[in-house]
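Engineer: Each chain, written out:
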Amino acid sequence: MATAKAEKARPQGYQTNAHDARMWREVTTPEGAVIRLRLADAGERAGALFIDAGIMLVTLIVGGLIIAFGVPDGYFGDWSEVGQILFNLFFFILRAFYFTIFEMGRRAATPGKRIMKLRVVAREGRQLTANAIFARNVMRELEVFLPFTFLLTGMGGDTLNGMMTLLVLVWLGVFVFMPVFNRDKLRGGDLVAGTWVIRNPKPELAKDVTSTSANADDEAFVFTQEQLQTYGEHELQVLEDVLRSGTGEVKAAVASRIRARIRWEAAPLERDGPFLEAFYKQLRKTLETRMLFGNRKKDKYDTGESS
Amino acid sequence: MSELDLKSYRFRAEREDDWRALEGLLERIQNSGVNALKPDELVALPQLYRTAVSSLSTARAVSLDRNLITYLETLCTRGYLFMYGPRVSFWERFSSFFRRDWPDAVRSMVGATILSAAIMFGFALIVMLLVLSDSEWFYPFAAFLDERTPEASQETLRATLYTEDEDIAGMLSVFASQLFTHNTMVALLCFALGFMVGIPTAILLAYNGCILGAYVGLYVSKGLGFEIIGWLMIHGVTELFAIILAAAAGFVIGKTLAFPGEKRRVDAMADAGKRAGNVGMGVVVMLFLAALLEGFGRQLINDDLTRYMMAGVSLLGWLSYFYLRPEAKR
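Line by line, the protein sequences give chains A and B.
In terms of my numbering, the first sequence opens at residue 1 and continues consecutively.
In terms of my numbering, the second sequence opens at residue 1001 and continues consecutively.
With the rest of the complex left out, here is chain A:
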């Protein structure tokens, strides 16, 4: 009951929803620290695949043009035949090794994955090996190229009747949509190879919010202990988000909500920004001090009486 209410009370756009929470996986490093990996969702992976497909298509067209016009006629006996062979060869190499070679590289990602800020890791954070990469990309044959060929050649043409076509589509659909239907967003290749596709962690250390507030503000805003006991850690972090990236309107809304809740008498011409920063700073100090004594306050509903 309380949690449902808490969800509702949070400002729009700053909630960490249940879907997002399900996408994190915890791995314990040999040093004993727990780190968290964010799985890529199906949309990001589809995006990466489309980008890769586009790159492959462009490469194929450019390669085809080079083969068609790059070698003067008469150099080989039958140029059109040789050209076609070279083109097939080129297509095969691209199809069979594009993903594998890029994913074996330092970034463990194809250009498409890099653009979508994804990478491949071994499941549970174990060591990623070349054969795992190979296995996961051979399965692509079944998951991407085969359905694509099937669609391209007109659903099997005349040789298959409607029922068979439907069965083939269902069969192929199992693979194509597999990532949508399991908890770890694994496609067949990931399952076989023991890999995850995760968001490539990109560390960004912003300035500490407290470092920007001027000292003068501290004296203008003195909150009582009672006022500082109103909120918990969850609200503190929502406030942090608001201070870092909220618009003026959001800040105004949050500020008026806090003022009402803690019964703060606003001074004339009091601005929202400094008020929020000062409140954040003092609330954080209060909560961090409690934390050092092992007395944490999860959110505003946490009275410390029962868990």
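Source of the hints: derived by calculation from the structure; they are not laboratory data.
None of the hints are false.
Derived pair list, reagent style DSS-like, types lysine-lysine, alpha-carbon separation capped at 30 Å:
hint : chain 1 : residue 1 : chain 2 : residue 2
1    : A       : Lys202    : A       : Lys285
2    : A       : Lys300    : A       : Lys251
3    : B       : Lys1038   : A       : Lys202
4    : B       : Lys1263   : A       : Lys185
5    : A       : Lys300    : B       : Lys1007
6    : A       : Lys202    : A       : Lys185
Let chain A serve as the given structure and place chain B on it in line with the hints.
Structural biologist: Coordinates of chain B only, in the frame set by chain A:
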């Protein structure tokens, strides 16, 4: 700031330089490789990483600055992925693959290999006997729409087995078409379809066995049995072996999916997938060699005995490479 100075703020100020240093090193490694680091930076890297991990643990206990904790988490994750990631150079991996990993993986699936071979050659034998008893049986399995049919004369058929004057383009053409249009796809599909409990793999194997049997039967019925086997096996030893191994790898995956044993299913699958992946990479190498043999060897060597010798040598070579390696057991 003195009165309201936060402990967590000081904690951060004292350590931020180390974190930034680690971030910079990891960034450079990702952009230009480990070799871009100077020796003293290489020494500093693990220390900086452990500092960051310990900072993360501390930060979780003393700081409520979410941005800081998220930053440390991602920094440690990146460090972790590098520190405990694969650090074998390409050439080390390359040589260990050929010296150990590939034959080991092949040896670990002897049962599945025998099963694949039995399915393929079993169906080949059945269809061959059918074609020998009645040449009408050839037609359901005729895969190529060319002159190789029961109506063709012995001379026509014999001519298809030997080539007089081929130019380099012709050889390249055979090489490419064999390698890239058919066999590799069959092998990769055998592998990938194993995922469905191995049933499609078995069907694909059986189907290819049937085609094989139909053509062998056709040539045998015209008194060209000795010749067709030589023509087929000069590259076929390598090629069929490769397809059989790919199917065996598929079976291993399929079997693991159905019967994961004592491990969790996903873990068992991952282990089997790695072994199968090793075999699969090797299969591509074998098919490449087979296509070379088919494109060039078979066109250049038109003597039956030489063809048989090459087939025998390659069979012995593969068998001893995969199975007779007592010294490879570490």
